[in-house]
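K.L.:
Could you put together the complete structure from these sequences and hints?
Same order as they appear, the protein sequences are chains A and B.
Just so we're aligned: 603 in this note's numbering is position 478 of the first sequence, and the numbers increase by one with no gaps anywhere.
Just so we're aligned: 302 in this note's numbering is position 260 of the second sequence, and the numbers increase by one with no gaps anywhere.
For the record, the hints were derived by calculation from the structure and aren't laboratory data.
One should not assume that every hint holds.
[Claimed, not checked] Heads up, simulated DSS-like pairs for lysine-lysine below, C-alpha to C-alpha not over 30 Å straight-line:
(1) A:549 / A:171
(2) A:594 / A:570
(3) A:570 / B:295
(4) A:171 / A:442
(5) B:295 / A:543
(6) A:551 / A:662
Note that the structure is predicted; figures quoted are calculated from it, not measured.
The primary structure of each chain is shown beneath.
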Amino acid sequence: MQAFAALFRQLDGTGSTSAKLEALQAYFHSAAPADAAWALALLLGKRRRRLITGRRLREICLAGTELPEWLFEACHAQVGDSAETVALLWQQRADAASEPTPSTDNAGSASFEDPLALWMDERLPQLAALQGEEQAEAVSACWRSLPSEQLLLVNKLLSGGFRVGVSTGLVTRALAQSADLDEALVAHRLMGGFTPSAAAFAELTATAAQDESLSARPYPFFLASPLEPGQLEHTPPEGWQLEWKWDGIRGQLIHRAGGCSLWSRGEELINEAFPELIALAEQLPQGTALDGEVIVWHGDADTPEAFASLQRRLGRKAPSRSLQRDCPAAFVAYDLLEHQGTDLRQQPLQHRREQLEMLYVNWQEAQGAEGGNRLRLSATQTLQQWGGLDDLRDQARGQRAEGLMLKALDSPYLVGRKRGSWWKHKLEPLRLDAVLLYAQAGSGKRANLYTDYSFGLWNGEGELVTFAKAYSGLDNAEIRELDRWIRAHTTERFGPVRAVEPLQVFELAFEGIQPSKRHKCGFAVRFPRISRWRTDKPASEADSLASAMALMEQQP
Amino acid sequence: MPLAPGGLLQLSPEGLYCPAARAWIDPWRPVPRALITHAHADHARPGCGEYWAIGASEGILRERLGAEIKLLPVDYGELHRIGEARVSFHSAGHVLGSAQIRLEAGGESWLVSGDYKRCADPSCAPFEPVQADVLISEATFGLPIYRWQSGAQVAAEILAWWRSAPDRPSVLFCYAFGKAQRVLAELHRLGVADEVLLHGAVDRLMGPYWEAGVAMPPTRPLAQLERGADLAGRLLIAPPAAHRSRGLGRFAKAQNGFVSGWMAVRGARRRRGYGRGFVMSDHADWAGLLQSVKDSQAQQVYVTHGQSNVLARYLQEVEGINAEPLEGHFEAERFDDDEAAPAGPEAAALAANATAS
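P.N.:
Here is the structure:
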């Protein structure tokens, strides 16, 4: 555990990628496989089980420190994190001055010198399994046995809130380098879940075998980068395949000897939510892996449904027949990653696309009208001249798409976000000027800083009606300036929320606008964020609900 | 507005006012007579007719408010008759020349704490507990999450951090007045004898400390560092305002850390983008605030700055001491600016440093 705590401190204490990489490599090199497995799962966020709730930890802390609850709340507002507040307050208790006392209780007694795996597999779950007073005593004893700087880490692990600033890509690279393996191979082996055990870690870091069987796993997704103006103009437009950027969720549909599966981009198995797509996968030949979009699309319709329809399907374990009828899912295929059991990812896109089209034609012939267009090919286009790019992109709204994808015809299917051969060119967002009405402090890094804002638009009676919340878009200097302004212009407080004088105008950008019964203003916007602080505009000149309605009517 | 119990002090638009002494304590606006607890910019402001302050702070005050100010230097513990009031200054342990100010008239005594801390600091006189009927205390760190280790312990951490990177420079961000010199004095006690580099805004405040006989390692202003000098293993002390400024371009590869009480909270450090946070404050921690209130034996406590509501409520409900928050310009948010943004010549020094190097 000490080695992992040291790693946490190193990663948390530097902004330098190379220093993080070095620290990770050193850890993976020296850690026992069972510990390394747990560290990996924690760093990748694959194990965030909440063993004991933050509320329960707080209870135990309050009982041990005899501080009033309101004081805990005041501290929490300053710290922005329950586990950390508990860790800091625990030191306030009367006997805190003394050295950590070795724990003697039986509930999985372990000391901080014990390996991470022992803590994760035994000690912490045992604490979680206890009840009532017995649990309070065991947790207190555990806290007492820890040096103060380690309390935070243990509380984070207990409450399932462990996070540290490393990306999946960086952890994968460090692991691959320390095991002397290809990064893409490690990424692939990690797809679809990872059980923290010594055996799993050994498999993960084993030398690459010929014809390695990764039958249960999807391929790592290749991700596009936002297109910047002028990026492609020096290349011939015929070298690029253009497709709509569909507004569904990215997925991989697989049929292998072991069965059929549908994976989301978040590497979750979503078979149960989409039984009709699993049925579709069974109609495909064994040894097939498709990359594409899961989207709601009626068999005879020209365009898919808006994202809101898909939202009704997501997260539903067993969708009813009527829901499947009202919101039928389709798979819009845009790439073929595996064909007849062969990994095609190194072939150029052009070849993969040819084979995808052949596969699609075969499927259609076999299914006929029965297929119900459950599988669709993402239509492709090419441009003659770059000049026509934005005009084409602007037609996306009519297709209920988010914009265009541009893919180099000669590009292999890479791993992760690699710039150069896949670009996304999104529609210009919709925009409205709105008035800041409420603000709430953020958490973590933004604790005690007002960063969560609610905005309003004018109704016909000259009142401001809340219509959207936004959390992002301002830079640090603006956030601080606005934070100061909010504190000085608060009119009322509702717990953590402050109402402010309706004076500041912000331009909000968002991707779409849809009618909604749940929102007071009558509609909901997608991905709202602040695009500009309109210091030049008085509140009276902000937009109205009527202008929002007009935007909504322009939508297909 | 006269403050209870007997109204020896009142809150005026200019700040805390004592009619008996016809004097304001740390006024926010220019007044004829100012009694100054210490030379930080949010306590000592320009434009007053006369300033009463501890002699050791004279150098800093003149540096910050102008050489020509009318300053009446006093010593700790001396009793002065100002108007109808008897006034004395007592060490606050905050920074060089910092004081708590005690006022007495009409059978009533008040103590204005200014900013203070109770742990040892080799760069200034130690805190002195003072008794009074009414106490006005700060509460910048008035939450039980704040609990300080000794300066010596933190300095040892700083030293270990600095020595762990012999191949590149280390930049330590500290408030220019007080914290920077405290860190230097603690490093000296740990036997550090190598030259420490100072940002211009820190360097210009060193004179009064040398004059006061505070032992510190040798220092050199950044501006006097020869071009192309090897910076590996060197330590630079700079004010937080210089963090990420172009002026520190030569230190782009440096490891950096920030020394402040705010660093007790992880989010506060991450938000500012510092690598390491060293928890060292020149304010009292939670236990220190409670202890000082008890030591004063005050029957009535007013709380200013930062967590005034929280500390007042705790004193009232848990300790059974009459206490209430005092609203006013004290509420200027100090979360990010422990030391108010420098103005005048100091701001100019910061700007000059940013372009010169």
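K.L.:
Are residue 171 (chain A) and residue 442 (chain A) close enough, with their CA atoms no more than 30 Å apart?
P.N.:
Holds: residue 171 (chain A) and residue 442 (chain A) sit about 21 Å apart, inside 30 Å.
K.L.:
Tell me if the straight-line CA distance from residue 295 (chain B) to residue 543 (chain A) falls inside 30 Å.
P.N.:
Status holds; Cα separation ~27 Å.
K.L.:
Taken at face value, is the distance from the CA of residue 570 (chain A) to the CA of residue 594 (chain A) at most 30 Å?
P.N.:
holds (19 Å)
K.L.:
Given the hinted pair residue 551 (chain A) and residue 662 (chain A), is their Cα-Cα distance within 30 Å?
P.N.:
Roughly 28 Å separates the two Cα atoms, so the pair holds.
K.L.:
When you check the alpha-carbon spacing of residue 570 (chain A) and residue 295 (chain B), does it fall within 30 Å?
P.N.:
holds (24 Å)
K.L.:
Are the Cα positions of residue 549 (chain A) and residue 171 (chain A) separated by 30 Å at most?
P.N.:
holds (28 Å)
In the structure shown, no violation is registered for any of the earlier numbered hints.
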